[in-house]
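Undergrad: Sequence:
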Amino acid sequence: MSPPCSPGRILHVDLSAEKVWEEPVPEDWYRLYVGGEGFGARYLYDNLKAHIDPMSEENKILFITGPLTDTGAPTCGRTVVMFKSPLTGTIFASNVGGYFAPHIKRSGYDMIVIHGRTGKPMYLYVHDDVVEFLDARELMGRSPREVQEEIRKRHNNKDIQVAAIGVAGERLVKFAAIMVDGHRAAGRGGGGAVMGSKNLKAIAVYGTRFKTRVADQPNFMEAVRKAISELFEEPFVRDELRKYGTPSFFDAMNAVALVPFYNWRRSKMPEFNDYLGYKTYHEKLSVKPYACFNCPIACGRHTVIPEGRFKGVESGGPEYESLAAFGAKTGVKDLYYVATANYLANELGLDVISTGQVVATAMEWFETGIIDKAKTEGLELRFGNGEAMVELIKRIGLREGEFATLLGEGSLKAAQTLGKNAVYYVMHVKGLEMAADEVRTSKGEAWSHMVSPRG
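Just so we're aligned, residue 12 is where the sequence shown starts under our numbering, counting upward by one.
Keep in mind that the hints are not guaranteed to be accurate.
In the DSS-like style, the derived pairs of lysine-lysine whose C-alpha atoms are separated by at most 25 angstroms in a straight line are [as the list claims (entries may be wrong)]: (1) Lys-254 x Lys-290; (2) Lys-405 x Lys-424; (3) Lys-386 x Lys-431; (4) Lys-322 x Lys-290; (5) Lys-60 x Lys-441; (6) Lys-169 x Lys-237; (7) Lys-424 x Lys-441; (8) Lys-295 x Lys-254; (9) Lys-431 x Lys-344; (10) Lys-441 x Lys-431; (11) Lys-386 x Lys-405; (12) Lys-431 x Lys-384; (13) Lys-299 x Lys-254; (14) Lys-322 x Lys-295; (15) Lys-295 x Lys-431; (16) Lys-384 x Lys-405; (17) Lys-290 x Lys-344; (18) Lys-424 x Lys-384; (19) Lys-344 x Lys-279; (20) Lys-344 x Lys-254; (21) Lys-254 x Lys-279; (22) Lys-60 x Lys-424; (23) Lys-344 x Lys-295; (24) Lys-454 x Lys-279; (25) Lys-222 x Lys-237; (26) Lys-299 x Lys-279; (27) Lys-454 x Lys-441; (28) Lys-295 x Lys-279; (29) Lys-290 x Lys-169; (30) Lys-222 x Lys-254.
Each pair of labels, with its calculated beta carbon distance range [what the hints assert, rightly or not]: (31) Gly-83 x Glu-391: 49 to 55 angstroms; (32) Asn-284 x Glu-391: 24 to 30 angstroms; (33) Glu-411 x Met-280: 31 to 37 angstroms; (34) Ile-239 x Glu-391: 46 to 52 angstroms; (35) Glu-38 x Glu-241: 30 to 36 angstroms.
Since the hints were made in silico from the structure, they are not lab data. Cβ atoms here follow ideal geometry from the backbone N, Cα and C, with glycine treated the same way.
All chains should be modelled from the sequences, with the hints used to inform the complete structure.
TA: Now the structure itself:
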């Protein structure tokens, strides 16, 4: 018997046959694995064949909730997305904020499993126990933000939650993201490419049939109040993260040499705080905070560039990882170029971490003579060149040109193809580009990278 906080059902969707079925969650899973990644790892271990091509129809995509999703517990609204990664070849767990997971659960499911491949562009609409297979041809080529707007308009429901891919996913860029709410990303591992390989443009969910309950509501809510109180007793959460969002990480981490600069050539460069730090961020950009489902911190930032060449560029973020990926790692000091790069990644449906790291790696290849302007098809890929960075991101997302197409395979495969010792400059673990946490400063971070099965 499932606990009252869980529907106890798995929804299976076969794109090839356009059929659906349900099965109960095995009772011992709740005790053994709790939910989320635990459920997904067990399911894929039991049901995914070894050595399959991640881009084949045999791969599966799982969207998974947790036991505390939609219960009132703070910061428990994230969705786990699992699949075999085209970057690492391993079982991969990505995750994303927003409001997607609560609607999976309200529709009556702990987990949605996507099987097979459709022969035509398609999106799914899951509303309670109804699953519709719908034509997505008119959605192809559109950004995840535009797809969400169009699906909500088609179904006359502004509360529908949408997980969509952009052009990068359609064109099978190996680090394409699955985007929720237009700008929240299940970014890591190439889930967008897997979704694109299935011809699946989006999944829309809207649920009302399942009411999440807990066994002892009064004591549970007392625990919730205590958790929120303790959360805001932490000075960094209260005074920095809530006020300034994840950009506040930049200054704090830079102070203790945890931010990598110039493709990991350097760390601890306090002068960059003047260009990319949280004070500059809030002075130069028009900023509004926003929160994911049931989160009291509201660390998200919605920004607009108020002036200059990129005036009017509007997006979610840039968050800390975007500032590091498109600023610190590439040496680009102009916040407006960094914000524009973040916007392009969101619109194209690219993982900002891998994208920024790929660009930074290419810049070091250029500066060390491994590649030249003939290879980059005219781009002067030197550190600090924001113009070249923005143009290269466009080309990668669109698979435009031989060099950008090569980079779209990921930095490790690109380096192996180039030869000339290019792999020496690739910062990766198991084929996955590294996030902006300086492992030479933090031994714990280094250890976690070494033992992580996902990279």
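Undergrad: None of the hints should be skipped; say for each whether it holds.
TA: Outcome of the hint check:
Only pairs whose Cα atoms come within 25 angstroms are accepted, and Lys-254 paired with Lys-290 is accepted, the gap being roughly 11 angstroms. Between Lys-405 and Lys-424, the direct Cα distance comes to roughly 20 angstroms. Compliance with the 25 angstroms bound is thereby established for this hinted pair. At most 25 angstroms may separate the alpha-carbon atoms for a hinted pair to count; Lys-386 and Lys-431 meet this at roughly 13 angstroms. Distance hint between Lys-322 and Lys-290 is fulfilled; the C-alpha atoms sit about 20 angstroms from each other, no more than 25 angstroms.
Only pairs whose Cα atoms come within 25 angstroms are accepted, and Lys-60 paired with Lys-441 is accepted, the gap being roughly 20 angstroms. For the hint pairing Lys-169 with Lys-237, the CA-to-CA distance comes to about 33 angstroms; that exceeds 25 angstroms, so the pair is violated. For the hint linking Lys-424 to Lys-441, the alpha-carbon distance of about 11 angstroms falls within 25 angstroms, and the restraint holds. Proposed proximity of Lys-295 and Lys-254 is supported: the alpha carbons are some 16 angstroms apart, at most 25 angstroms.
A hinted pair counts as satisfied when its Cα atoms are at most 25 angstroms apart, and Lys-431 with Lys-344 does not qualify at roughly 30 angstroms. With a CA separation close to 21 angstroms, the supplied pair Lys-441 and Lys-431 stays within the 25 angstroms bound. Note on Lys-386 and Lys-405: the hinted pairing holds, with a Cα-Cα distance of about 17 angstroms set against a maximum of 25 angstroms. Of the supplied pair hints, the one linking Lys-431 and Lys-384 holds, its CA atoms being roughly 16 angstroms apart against a limit of 25 angstroms.
The suggested pairing of Lys-299 with Lys-254 holds, with an alpha-carbon distance near 11 angstroms, which does not exceed 25 angstroms. Proposed proximity of Lys-322 and Lys-295 is supported: the alpha carbons are some 11 angstroms apart, at most 25 angstroms. A hinted pair counts as satisfied when its Cα atoms are at most 25 angstroms apart, and Lys-295 with Lys-431 does not qualify at roughly 41 angstroms. For the suggested pair Lys-384 and Lys-405, the alpha carbons sit about 17 angstroms apart, so the restraint of at most 25 angstroms is met.
Annotation: proposed proximity of Lys-290 to Lys-344 holds, straight-line Cα distance about 14 angstroms (limit 25 angstroms). A threshold of 25 angstroms between alpha carbons decides the hint, and for Lys-424 with Lys-384 the separation of about 20 angstroms falls inside it, so the pair holds. Annotation: proposed proximity of Lys-344 to Lys-279 holds, straight-line Cα distance about 15 angstroms (limit 25 angstroms). The hinted pair formed by Lys-344 and Lys-254 meets the criterion: a straight-line CA distance of about 23 angstroms does not exceed 25 angstroms.
A hinted pair counts as satisfied when its Cα atoms are at most 25 angstroms apart, and Lys-254 with Lys-279 qualifies at roughly 24 angstroms. With a CA separation close to 24 angstroms, the supplied pair Lys-60 and Lys-424 stays within the 25 angstroms bound. For the suggested pair Lys-344 and Lys-295, the alpha carbons sit about 13 angstroms apart, so the restraint of at most 25 angstroms is met. Proximity of Lys-454 to Lys-279 is assessed by CA-CA distance (about 16 angstroms); at most 25 angstroms being required, the pair is judged to hold.
Restraint check for Lys-222 and Lys-237: satisfied, since their Cα atoms lie roughly 24 angstroms apart, inside the 25 angstroms limit. For a cut-off of 25 angstroms, the pair hint linking Lys-299 to Lys-279 is broken: about 29 angstroms separates their Cα positions. Of the supplied pair hints, the one linking Lys-454 and Lys-441 holds, its CA atoms being roughly 18 angstroms apart against a limit of 25 angstroms. Of the supplied pair hints, the one linking Lys-295 and Lys-279 holds, its CA atoms being roughly 23 angstroms apart against a limit of 25 angstroms.
A threshold of 25 angstroms between alpha carbons decides the hint, and for Lys-290 with Lys-169 the separation of about 34 angstroms lies outside it, so the pair is violated. Proximity of Lys-222 to Lys-254 is assessed by CA-CA distance (about 33 angstroms); at most 25 angstroms being required, the pair is judged violated. The supplied range of 49 to 55 angstroms is met by Gly-83 and Glu-391, whose beta-carbon atoms lie about 53 angstroms from each other. Range check, Asn-284 to Glu-391: about 27 angstroms between beta-carbon atoms, so the 24 to 30 angstroms window is met.
For Glu-411 and Met-280, the Cβ-Cβ distance of about 33 angstroms falls inside the hinted range of 31 to 37 angstroms, so the restraint holds. Here the CB-CB span from Ile-239 to Glu-391 is close to 50 angstroms, well matched to the stated 46 to 52 angstroms. Between Glu-38 and Glu-241 the Cβ separation comes to about 33 angstroms, which falls inside the hinted range of 30 to 36 angstroms.
The structure does not agree with the numbered hints 6, 9, 15, 26, 29, 30 stated previously, though it agrees with the rest.
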